[in-house]
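S.K.: Use these hints to put chain L onto chain E, whose structure you have.
Residue-level listing of the chains:
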Amino acid sequence: MSLGLLAAAGGEEGFTAPGSPDFWQPLFGTSGALAVTRPAIVLVISAVIIMVVLSVATRRLSIVPGKGQMLTEATYGLVRNSIARDIIGSKDFLRFVPLLFSCFTLILLNNLFGIIPFFQYPTMARIAFPLVLALVIFVVYHYLGIKRRGLGGYLGSLLPPGLPGWIKPLVFVLELITYFITRPVTLALRLFGNMFAGHLLLLLFITGGEYMLLHSGSLGLQIFSIPTFGMGVVMTVFELLVEFLQAYIFTLLAALYIAGSLADEH
Amino acid sequence: MEGNIAILGYGLSAIGPGIGVGLIFAAYINGVARQPEARGMLQTIAFLGFALTEALAIFGLALAFVFR
Chain E
372 MSLGLLAAAG GEEGFTAPGS PDFWQPLFGT SGALAVTRPA IVLVISAVII MVVLSVATRR
432 LSIVPGKGQM LTEATYGLVR NSIARDIIGS KDFLRFVPLL FSCFTLILLN NLFGIIPFFQ
492 YPTMARIAFP LVLALVIFVV YHYLGIKRRG LGGYLGSLLP PGLPGWIKPL VFVLELITYF
552 ITRPVTLALR LFGNMFAGHL LLLLFITGGE YMLLHSGSLG LQIFSIPTFG MGVVMTVFEL
612 LVEFLQAYIF TLLAALYIAG SLADEH
Chain L
40 MEGNIAILGY GLSAIGPGIG VGLIFAAYIN GVARQPEARG MLQTIAFLGF ALTEALAIFG
100 LALAFVFR
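First to last, the sequence lines map onto chains E and L.
Using the numbering used here, read the first sequence as starting at 372 and increasing by one per residue.
Using the numbering used here, read the second sequence as starting at 40 and increasing by one per residue.
Okay, chain E solo, but in the shape it has when bound (with noise of 0.2 angstroms):
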């Protein structure tokens, strides 16, 4: 991939910004869309690698927990206590709290696949990750409102109480975007916005820097090449804070939506 892009930033004609273009990276299986491609496979991995790293990890569990058991409780506390239990109520948190943890650990995971080394490729900054994961959250709650209330109930539960008559449609109807457009589609893209762009800006600076230090052949731009690479740099780790906040958000966002499915009143 990295020679790819260097060859089409250094070209005759002068830097290339990167695009979208640069993320669709077939790996093998090439015909046409239909490929096996590089964000695929970080996935696969990806999941491998927490169901490894989660067994081994809870195997033998001690009273005085060792440093990895340590890492795990943690991040395990911080779903289930300051996101599932805070948000949903602690009378039946317990019940979404393996399918809130297991979305917080893939996204961050696939979130930090972006600045690690030789994976370098955040999986959500291709929208069909992040969109499938926002469905399944989408069919969840709407599953949970619906079994609670029946159908007729729930869709009358989308509507505040104690509104004017003739404003009703008008605000049912806003709602009815709310809950099946706007949620979903939210959810998906923001996500796959903040990893998209964060992964763009990190390539231009390194492509950018690669070739004024390289192929721009004057002296000016090989030194501005150095403050280039550095923001390059600071930017790697500015985009650690965004991929955990990330997967910080769908998941809070995703318990809020269930919270609001369970909720008595509106």
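If you're looking for bench data, these hints aren't it; they were derived computationally from the structure.
Backbone N, C-alpha and C define an ideal beta-carbon position, used for all residues, glycine too.
Take these hints with a grain of salt, some might be off.
Label-pair ranges, simulated between beta-carbon atoms [stated by the list, open to error]:
{"no.": "1", "chain 1": "E", "residue 1": "Ala406", "chain 2": "L", "residue 2": "Gly79", "range": "42 to 52 angstroms"}
{"no.": "2", "chain 1": "L", "residue 1": "Glu41", "chain 2": "E", "residue 2": "Ala634", "range": "47 to 57 angstroms"}
{"no.": "3", "chain 1": "L", "residue 1": "Glu41", "chain 2": "E", "residue 2": "Pro535", "range": "46 to 56 angstroms"}
{"no.": "4", "chain 1": "L", "residue 1": "Asn43", "chain 2": "E", "residue 2": "Thr446", "range": "38 to 48 angstroms"}
{"no.": "5", "chain 1": "E", "residue 1": "Leu530", "chain 2": "L", "residue 2": "Gln82", "range": "27 to 37 angstroms"}
{"no.": "6", "chain 1": "E", "residue 1": "Leu526", "chain 2": "L", "residue 2": "Arg73", "range": "37 to 47 angstroms"}
{"no.": "7", "chain 1": "E", "residue 1": "Arg430", "chain 2": "L", "residue 2": "Ala72", "range": "44 to 54 angstroms"}
{"no.": "8", "chain 1": "E", "residue 1": "Ser426", "chain 2": "L", "residue 2": "Gly42", "range": "45 to 55 angstroms"}
{"no.": "9", "chain 1": "E", "residue 1": "Ser589", "chain 2": "L", "residue 2": "Ala65", "range": "39 to 49 angstroms"}
{"no.": "10", "chain 1": "L", "residue 1": "Asn69", "chain 2": "E", "residue 2": "Ser426", "range": "39 to 49 angstroms"}
{"no.": "11", "chain 1": "E", "residue 1": "Ser589", "chain 2": "L", "residue 2": "Gly79", "range": "52 to 62 angstroms"}
Here are some chain L residues the structure puts well away from chain E; computed CB gaps all over 12 angstroms [claimed, not checked]:
{"no.": "12", "residue": "Leu51"}
{"no.": "13", "residue": "Ile54"}
{"no.": "14", "residue": "Gly55"}
{"no.": "15", "residue": "Ile58"}
{"no.": "16", "residue": "Gly61"}
{"no.": "17", "residue": "Ile68"}
{"no.": "18", "residue": "Gly70"}
{"no.": "19", "residue": "Ala72"}
{"no.": "20", "residue": "Gln74"}
{"no.": "21", "residue": "Pro75"}
M.R.: This is chain L only, laid out in the frame that chain E set:
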């Protein structure tokens, strides 16, 4: 000079969320300064508001790459 005017659209769409995110975190800092023990609850609300506000800028970014 050549380029894509959709990118300018992204710049415009980032103004509002930029102001909004600033307001949210200003309110969060104010709240924690006045009542430090409410930090955990305020943090959840602040990040929630941050995520909802930021969505507008993300829409702008996605559309900038869609209409190119």
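S.K.: Does each hint fit the structure? Answer for all of them.
M.R.: Okay, the hints, checked on the actual structure:
no.	hint	result
1	E:Ala406 / L:Gly79: 42 to 52 angstroms	holds, 46 angstroms
2	L:Glu41 / E:Ala634: 47 to 57 angstroms	holds, 53 angstroms
3	L:Glu41 / E:Pro535: 46 to 56 angstroms	holds, 54 angstroms
4	L:Asn43 / E:Thr446: 38 to 48 angstroms	holds, 41 angstroms
5	E:Leu530 / L:Gln82: 27 to 37 angstroms	holds, 31 angstroms
6	E:Leu526 / L:Arg73: 37 to 47 angstroms	holds, 41 angstroms
7	E:Arg430 / L:Ala72: 44 to 54 angstroms	holds, 45 angstroms
8	E:Ser426 / L:Gly42: 45 to 55 angstroms	holds, 51 angstroms
9	E:Ser589 / L:Ala65: 39 to 49 angstroms	holds, 44 angstroms
10	L:Asn69 / E:Ser426: 39 to 49 angstroms	holds, 45 angstroms
11	E:Ser589 / L:Gly79: 52 to 62 angstroms	holds, 54 angstroms
12	Leu51	holds, 16 angstroms
13	Ile54	holds, 16 angstroms
14	Gly55	holds, 15 angstroms
15	Ile58	holds, 19 angstroms
16	Gly61	holds, 17 angstroms
17	Ile68	holds, 17 angstroms
18	Gly70	holds, 17 angstroms
19	Ala72	holds, 21 angstroms
20	Gln74	holds, 17 angstroms
21	Pro75	holds, 17 angstroms
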